[in-house]
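Just so you know, we're using my numbering here: the sequence shown kicks off at 143 and counts up by one.
Treat the hints loosely; a few may be bogus.
Unchecked claim - Listed next, the in silico BS3-like pairs over lysine-lysine satisfying Cα-Cα at most 27 Å (straight line):
| hint | residue 1 | residue 2 |
| --- | --- | --- |
| 1 | K268 | K251 |
| 2 | K240 | K251 |
| 3 | K254 | K240 |
| 4 | K240 | K229 |
| 5 | K263 | K251 |
| 6 | K268 | K254 |
What the hints contain is simulated information worked out from the structure, not anything from laboratory work.
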Amino acid sequence: MNWSNAFFLALAILSCVWVMARIERSRWFVGLFFYVLPVLLLTVLWASVTASWPEALTGLGAGLGLGAGWWLTLGRRARRADSSAIKVWGQDVAPRPKAALQAELDQLKQEKEQLEAELRKLRETKDQGPRTNDE
Numbered sequence: 143m144n145w146s147n148a149f150f151l152a153l154a155i156l157s158c159v160w161v162m163a164r165i166e167r168s169r170w171f172v173g174l175f176f177y178v179l180p181v182l183l184l185t186v187l188w189a190s191v192t193a194s195w196p197e198a199l200t201g202l203g204a205g206l207g208l209g210a211g212w213w214l215t216l217g218r219r220a221r222r223a224d225s226s227a228i229k230v231w232g233q234d235v236a237p238r239p240k241a242a243l244q245a246e247l248d249q250l251k252q253e254k255e256q257l258e259a260e261l262r263k264l265r266e267t268k269d270q271g272p273r274t275n276d277e
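With the sequences and hints as input, model every part of the structure.
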């Protein structure tokens, strides 16, 4: 039996345990389908082609044992990944400078005054009543 192969397979299985323990709860199937299952399938393929089943089973057992030991000692206390804190460059709204805000505020106040003056003017003409051709 080649112990270096068993050691490599144990590390591969340990990495699978670590990924599944750290992955976000709502995305566990992504880690399973794109990481764990390919590693297991490649291990089975390698073991069947090279007839290295003792190394494969030893590596699998050692990896699961190390993974269980890691999870019992450290993994349970570690927080899972959370995608809510991801910040994407270019999607953040840049803070507007205060001078630009003040200028926009002044412009809006001026427009408001103009609209109020126009409204007063319209109300005054309405209060005078409709004009007839006799006048």
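**Prompt:** Can you name, in rising order, the numbers of the hints this structure does not satisfy?
**Reply:** Violated hints: none; all satisfied.
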